[in-house]
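Novice: Using the sequences and the hints, build the whole thing.
Residue numbers (numbering that gives the first Met the number 0), protein chains in the order written: chain W, 0 to 88; chain V, 0 to 412.
Hints are supplied without guarantee of correctness; some may be wrong.
Unchecked claim - Selected chain V positions facing chain W (in silico; Cβ < 8 angstroms):
(1) I10
(2) I12
(3) Y13
(4) M18
(5) G32
(6) R33
(7) G42
(8) G69
(9) D71
(10) H75
Stated by the list, open to error - Listed below are several chain W residues computed to face chain V (Cβ distance under 7 angstroms; list not exhaustive):
(11) I19
(12) A24
(13) G55
Stated by the list, open to error - Ranges between beta-carbon positions, derived for each pair:
(14) W/G18 <-> V/K1: 37 to 45 angstroms
(15) V/L96 <-> W/G58: 16 to 24 angstroms
(16) W/L15 <-> V/E265: 43 to 51 angstroms
(17) W/G58 <-> V/L25: 19 to 27 angstroms
(18) V/V285 <-> W/L22: 55 to 63 angstroms
(19) W/H72 <-> V/I188: 39 to 47 angstroms
(20) V/I189 <-> W/L15: 36 to 44 angstroms
(21) W/C59 <-> V/T29: 44 to 52 angstroms
Note that these hints are calculated values from the structure, not bench results. All figures in this text were calculated on a predicted structure; none of them were measured in a lab. All C-beta atoms, glycine included, are put in the ideal place defined by N, C-alpha and C.
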Amino acid sequence: MRELYSTQLAGISGILIVGITLLFALIQSPEIVSAPESALAKDAQPIAHPLEGYEGCHGCHGLKGKMPYPLKHLGWSNTSCMRCHSPTS
Amino acid sequence: MKHFLYGAFWIGIYIVLIMTPLFVLLIGQTAPGRGFWRELSVGLGFTSLSMIGMQFFLTGRFRYITAPYGIDVIYHFHRQISIVAFLFIVLHPLILLISTPRTMTLLNPIIAPWWATAGVAGLAAFAIVIITSLKRIPLGIRYETWRLSHALLSVAAVAFSMAHILGVGYYTQGPLKRGLWIGLALFWIIALVYIRVAKPIIMLKHPYTVERVVRERGDTWSLILKPDGHEGMRFQPGQFVWAKIGKSPFALREHPFSFSSSAMREGVLEISIKELGDFTSQIGDVAPGTRVYLDGPHGLFTVDRYKADGYVFIAAGVGITPIMSILRTLADRRDQRPLLLFYSSRGWEEVTFRDELKALEAHLDLQTVHILTRESPEGWEGERGRINPEMLARYLPADRVDYEYFVCGPEPM
Numbered sequence: 000m001r002e003l004y005s006t007q008l009a010g011i012s013g014i015l016i017v018g019i020t021l022l023f024a025l026i027q028s029p030e031i032v033s034a035p036e037s038a039l040a041k042d043a044q045p046i047a048h049p050l051e052g053y054e055g056c057h058g059c060h061g062l063k064g065k066m067p068y069p070l071k072h073l074g075w076s077n078t079s080c081m082r083c084h085s086p087t088s
Numbered sequence: 000m001k002h003f004l005y006g007a008f009w010i011g012i013y014i015v016l017i018m019t020p021l022f023v024l025l026i027g028q029t030a031p032g033r034g035f036w037r038e039l040s041v042g043l044g045f046t047s048l049s050m051i052g053m054q055f056f057l058t059g060r061f062r063y064i065t066a067p068y069g070i071d072v073i074y075h076f077h078r079q080i081s082i083v084a085f086l087f088i089v090l091h092p093l094i095l096l097i098s099t100p101r102t103m104t105l106l107n108p109i110i111a112p113w114w115a116t117a118g119v120a121g122l123a124a125f126a127i128v129i130i131t132s133l134k135r136i137p138l139g140i141r142y143e144t145w146r147l148s149h150a151l152l153s154v155a156a157v158a159f160s161m162a163h164i165l166g167v168g169y170y171t172q173g174p175l176k177r178g179l180w181i182g183l184a185l186f187w188i189i190a191l192v193y194i195r196v197a198k199p200i201i202m203l204k205h206p207y208t209v210e211r212v213v214r215e216r217g218d219t220w221s222l223i224l225k226p227d228g229h230e231g232m233r234f235q236p237g238q239f240v241w242a243k244i245g246k247s248p249f250a251l252r253e254h255p256f257s258f259s260s261s262a263m264r265e266g267v268l269e270i271s272i273k274e275l276g277d278f279t280s281q282i283g284d285v286a287p288g289t290r291v292y293l294d295g296p297h298g299l300f301t302v303d304r305y306k307a308d309g310y311v312f313i314a315a316g317v318g319i320t321p322i323m324s325i326l327r328t329l330a331d332r333r334d335q336r337p338l339l340l341f342y343s344s345r346g347w348e349e350v351t352f353r354d355e356l357k358a359l360e361a362h363l364d365l366q367t368v369h370i371l372t373r374e375s376p377e378g379w380e381g382e383r384g385r386i387n388p389e390m391l392a393r394y395l396p397a398d399r400v401d402y403e404y405f406v407c408g409p410e411p412m
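Specialist: Set out below in structure tokens:
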């Protein structure tokens, strides 16, 4: 009976911990929870270079890159850049 | 209700302590996310390391942690939550490999960066801890070997994991965040050092000496222990200690034994031990003057925690030991609440403390129902066989719901 109690405690703790870890992952993935802002997307600068070989946007445009993105873009991952920015051709 | 709230509070504290270090990483300038699955994998990695570190506290026998639940529940929780933490630590690389297959190269120690290899080593150390703990007996590992390797491999798992997260450095940039995780690791190691080094040193300064060894009925021996150079230990009736008899307090092997003496008697302690295994079969050979070191008291099996209008005790064999402590204490307190004891033994000559139980009936409102499972003397009019609901119903009072019940005995009971 007492072993069942401790198993239940471990199970509840595990579920709570997974839930809170999911929250961490969601905080770090704002593209999942926020809808695309189409008005802002219209104002987004077009991409001035071809994309082939340049899939990792953060390499040049991340905070430590040569042409960093503005601070308001903090938290957006490589996969989310293309939601607003498109190549010129 | 009070105990439920107290227990819920400590689970809440546990969750906060596990998760806070993860969310501190989001304070201030934080590295951007790299996709949901990668961040979930990283979160599980950090979380599992927090859980592993907290294990050093769970097994430290700290009274504030064990008091709400009982030390047996804490130890079972330690085992169960270890498996949960292991699941998380396995999911960490698994999710990463599935979401970003190119990270497979991190598993190759020849080409992978050192911090990736450190992560794999930490996972391997933890896997060995889990496997040797779950399968110690089938693997034929001696208890002392297992206990030493358990501690060393756990420290190794924490050390390798710390090297891994500091080497990756994605979320641990800056002195504050690095300092937090290094500080946590040191905190966990300090807990381990306290348990394995400081506590035995404290025990070394509070030794006991075997004053007498008394043979009881039913292959049981009572060791009368006298504190040597200190006042002894206060305990609640029904509690137990871990004892190291004739060994150093640093020895890895220790045994849990219940007190059988009254909690009202200062100084001298008594533990009663039945010959059941390799160690206990030689307990009768312990000589007066033998040094004993005690870690305790522990346990919630005590009437002092559960107030009631009366008590029912159900015991078999050596399970009578903590109940004797309770009955002796209640007699010293001149407690007159109704007490009912169901005591199962193999035969009449094996009823431990038989005569004293009879004598206690003169000092307490105690009714003892003896049940004999094998041999019974000629003319025996008492109960026979195993304790069952019909037998209990014959003796339980009408207001049985108001009583507290204490059960102690072997599993078949």
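Novice: Each hint needs a verdict: does it hold in this structure or not?
Specialist: These are the hints, each one checked on the structure:
1. At about 6 angstroms, the closest approach between the beta carbon of V/I10 and any beta carbon in chain W falls short of 8 angstroms, and the interface hint on this residue holds.
2. Hint status for V/I12: violated, given a least beta-carbon distance of 11 angstroms to chain W, over 8 angstroms.
3. A distance limit of 8 angstroms between C-beta atoms decides the matter here; for V/Y13 the minimum to chain W is near 7 angstroms, and the interface restraint holds.
4. For the restraint placing V/M18 at the interface with chain W, the shortest Cβ-Cβ distance is roughly 5 angstroms, inside the 8 angstroms limit, so the hint holds.
5. For V/G32, the interface hint holds, since its Cβ comes within 8 angstroms of a Cβ in chain W; the closest pair sits about 3 angstroms apart.
6. Interface hint at V/R33: satisfied, since its Cβ lies 5 angstroms from the closest Cβ of chain W, which is below the 8 angstroms cut-off.
7. For the restraint placing V/G42 at the interface with chain W, the shortest Cβ-Cβ distance is roughly 4 angstroms, inside the 8 angstroms limit, so the hint holds.
8. Checking V/G69 against chain W: minimum C-beta separation of about 7 angstroms stays under 8 angstroms; hint holds.
9. Contact between V/D71 and chain W, as hinted, is supported at the beta carbon level, the nearest pair being about 6 angstroms apart and thus within 8 angstroms.
10. The beta carbon of V/H75 is positioned within 8 angstroms of a beta carbon in chain W (closest approach about 4 angstroms), and the interface hint is therefore held.
11. With 7 angstroms as the threshold, the beta carbon of W/I19 comes within range of chain V, its nearest partner Cβ sitting at about 5 angstroms, so the hint holds.
12. At its closest, the beta carbon of W/A24 sits 4 angstroms from a beta carbon of chain V; the interface hint therefore holds under the 7 angstroms criterion.
13. This hint is violated: W/G55 has a C-beta 10 angstroms from the nearest C-beta of chain V, more than the 7 angstroms allowed.
14. The hinted range of 37 to 45 angstroms is not satisfied by W/G18 and V/K1, whose Cβ atoms lie roughly 28 angstroms apart.
15. Distance hint check for V/L96 and W/G58: the Cβ-Cβ separation is about 22 angstroms, which falls inside the suggested range of 16 to 24 angstroms.
16. Here the CB-CB span from W/L15 to V/E265 is close to 45 angstroms, well matched to the stated 43 to 51 angstroms.
17. Range check, W/G58 to V/L25: Cβ separation about 23 angstroms, and the 19 to 27 angstroms hint holds.
18. Take V/V285 and W/L22: their Cβ atoms lie about 57 angstroms apart, and the range 55 to 63 angstroms holds.
19. One distance hint, 39 to 47 angstroms for the beta-carbon pair W/H72 and V/I188, holds here, with the actual separation near 40 angstroms.
20. Roughly 27 angstroms separates the CB atoms of V/I189 and W/L15, a value that falls outside the hinted 36 to 44 angstroms.
21. Range check, W/C59 to V/T29: about 20 angstroms between beta-carbon atoms, so the 44 to 52 angstroms window is missed.
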